[in-house]
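Let chain C serve as the given structure and place chain P on it in line with the hints.
2 protein chains.
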Amino acid sequence: MRIPNHIGIIPDGNRRWALLNNLTKDKGYEHGINPGLEVFKLCQKENIKELTFYGFTIDNTKRPSEQKLAFIQACIDSVMLLTKEDCEILVIGNTESSAFPKALIPFTTRKKFGNGGIKVNFLIHYGWEWDLNLLKESKSSNKHILPYIHSEDISRIDLIIRWGGRRRLSGFLPIQSVYSDFYVIDTYWPDFTSTDFYNALDWYNEQDVTLGG
Amino acid sequence: MRIPNHIGIIPDGNRRWALLNNLTKDKGYEHGINPGLEVFKLCQKENIKELTFYGFTIDNTKRPSEQKLAFIQACIDSVMLLTKEDCEILVIGNTESSAFPKALIPFTTRKKFGNGGIKVNFLIHYGWEWDLNLLKESKSSNKHILPYIHSEDISRIDLIIRWGGRRRLSGFLPIQSVYSDFYVIDTYWPDFTSTDFYNALDWYNEQDVTLGG
Numbered sequence: 097m098r099i100p101n102h103i104g105i106i107p108d109g110n111r112r113w114a115l116l117n118n119l120t121k122d123k124g125y126e127h128g129i130n131p132g133l134e135v136f137k138l139c140q141k142e143n144i145k146e147l148t149f150y151g152f153t154i155d156n157t158k159r160p161s162e163q164k165l166a167f168i169q170a171c172i173d174s175v176m177l178l179t180k181e182d183c184e185i186l187v188i189g190n191t192e193s194s195a196f197p198k199a200l201i202p203f204t205t206r207k208k209f210g211n212g213g214i215k216v217n218f219l220i221h222y223g224w225e226w227d228l229n230l231l232k233e234s235k236s237s238n239k240h241i242l243p244y245i246h247s248e249d250i251s252r253i254d255l256i257i258r259w260g261g262r263r264r265l266s267g268f269l270p271i272q273s274v275y276s277d278f279y280v281i282d283t284y285w286p287d288f289t290s291t292d293f294y295n296a297l298d299w300y301n302e303q304d305v306t307l308g309g
Numbered sequence: 097m098r099i100p101n102h103i104g105i106i107p108d109g110n111r112r113w114a115l116l117n118n119l120t121k122d123k124g125y126e127h128g129i130n131p132g133l134e135v136f137k138l139c140q141k142e143n144i145k146e147l148t149f150y151g152f153t154i155d156n157t158k159r160p161s162e163q164k165l166a167f168i169q170a171c172i173d174s175v176m177l178l179t180k181e182d183c184e185i186l187v188i189g190n191t192e193s194s195a196f197p198k199a200l201i202p203f204t205t206r207k208k209f210g211n212g213g214i215k216v217n218f219l220i221h222y223g224w225e226w227d228l229n230l231l232k233e234s235k236s237s238n239k240h241i242l243p244y245i246h247s248e249d250i251s252r253i254d255l256i257i258r259w260g261g262r263r264r265l266s267g268f269l270p271i272q273s274v275y276s277d278f279y280v281i282d283t284y285w286p287d288f289t290s291t292d293f294y295n296a297l298d299w300y301n302e303q304d305v306t307l308g309g
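First to last, the protein sequences are chains C and P.
Heads up, the first sequence is in this note's numbering, so the first residue is 97 and it goes up one at a time.
Heads up, the second sequence is in this note's numbering, so the first residue is 97 and it goes up one at a time.
Fair warning: there could be bad hints in the mix.
Which copy? The list can't say, so a pair holds if one copy fits it or any two copies do.
To be verified - Derived DSSO-like pairs (lysine-lysine); straight-line CA-CA distance at most 30 angstroms:
| hint | residue 1 | residue 2 |
| --- | --- | --- |
| 1 | K158 | K235 |
| 2 | K239 | K164 |
| 3 | K158 | K239 |
| 4 | K198 | K239 |
| 5 | K158 | K198 |
| 6 | K208 | K180 |
| 7 | K232 | K141 |
| 8 | K141 | K207 |
It should be emphasised that the hints constitute simulated quantities derived from the structure, not laboratory data.
Just chain C, same shape as in the assembly:
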């Protein structure tokens, strides 16, 4: 079976899940923490080398403050949970704002936990324009793009899985996503099951790899 090296996760649908479960929108995010740990453990089991979670964006911080506080806390808790596992964590995002959680500053260079192994990246207070603007500071004549953006330490993504039914990238790592296969799951992220994950892997296994050729 052909296994992706690097999986991107767009964990969408927390607020819609909350409303469906008679909760206020801000209560959805805490139910998205455990699915993150589950998907990490499945990736570890299947020898995936790298895993990137779409945490929150600069644009997301324009949402009502109770939602903003809730998704920031859920992201912090998600990172902290993984520090108890064998992995290498990196947080990428614009730290030059009070919206970037101070608790995650130590993770902005990659940190090894336990025996290390799988790389786990979190996009925290990320913005695609922020990411790519660093290109304007490069004078390199190298034709490649990735080495000159803020997220340079996140590699090309093979498979993106999005929960919540929407078929769009919503600003998720445009450079690393140019050749990614994109699998969409209709159920909301807090309702994650391992079947979602294995359906995505089975589908990926049937795709070919051309990398634009």
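Structure of chain P alone, referenced to chain C:
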């Protein structure tokens, strides 16, 4: 009904269509010309403001020469067909190579035909890294990206429709695609029917627009 302003077309599956119809792979491309005219006319009818076709990429030119000659000719013919219609044509791609067809040089600034109206863009000898490399020559402190890339005259895309079943962007305008809704049709591009187009519009109509918010 909510109609997209700008539709991107990824006309994939020409070679697979050719094999299925007992032709050699290079014979598929000429059967992709007429579908392009059909989709143009449907867009015109539905008041779409802008339409972008993924012609061929720098990477595509590494294919066998009979295929390369065939897709280049199909692209030239597609552009020429539209010069008989009411539209405004722009070709974007790396012209600094013999693989860029000389016949299309006049279209690298937007040209009006008939009564003008709908903007039609063709990506010809395009490469996403080529497109974005221009950012390295910008010293602007403006936080936006689009005004500083080669494809700056192509606007944000609302709906991308891809034929041929693959669920990936394959390097198609990564900046203009960050928020695009992505609709995939399993049949091959030469088998295009207007039903494909209207199914995509119906699906788009059911999506919400958040632009990352």
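Each hint, compared with the structure:
1. K158 - K235: between (34 angstroms within a copy, 28 angstroms between copies)
2. K239 - K164: between (38 angstroms within a copy, 23 angstroms between copies)
3. K158 - K239: between (36 angstroms within a copy, 17 angstroms between copies)
4. K198 - K239: between (35 angstroms within a copy, 24 angstroms between copies)
5. K158 - K198: Only inside one copy: K158 and K198 sit 19 angstroms apart there, 48 angstroms across copies, limit 30 angstroms.
6. K208 - K180: within (11 angstroms within a copy, 62 angstroms between copies)
7. K232 - K141: Neither. Shortest intra-copy (40 angstroms) and inter-copy (41 angstroms) distances fail the 30 angstroms Cα cut-off.
8. K141 - K207: within (21 angstroms within a copy, 56 angstroms between copies)
Comparing the model with each numbered hint stated earlier shows that hint 7 is the single one that does not hold.
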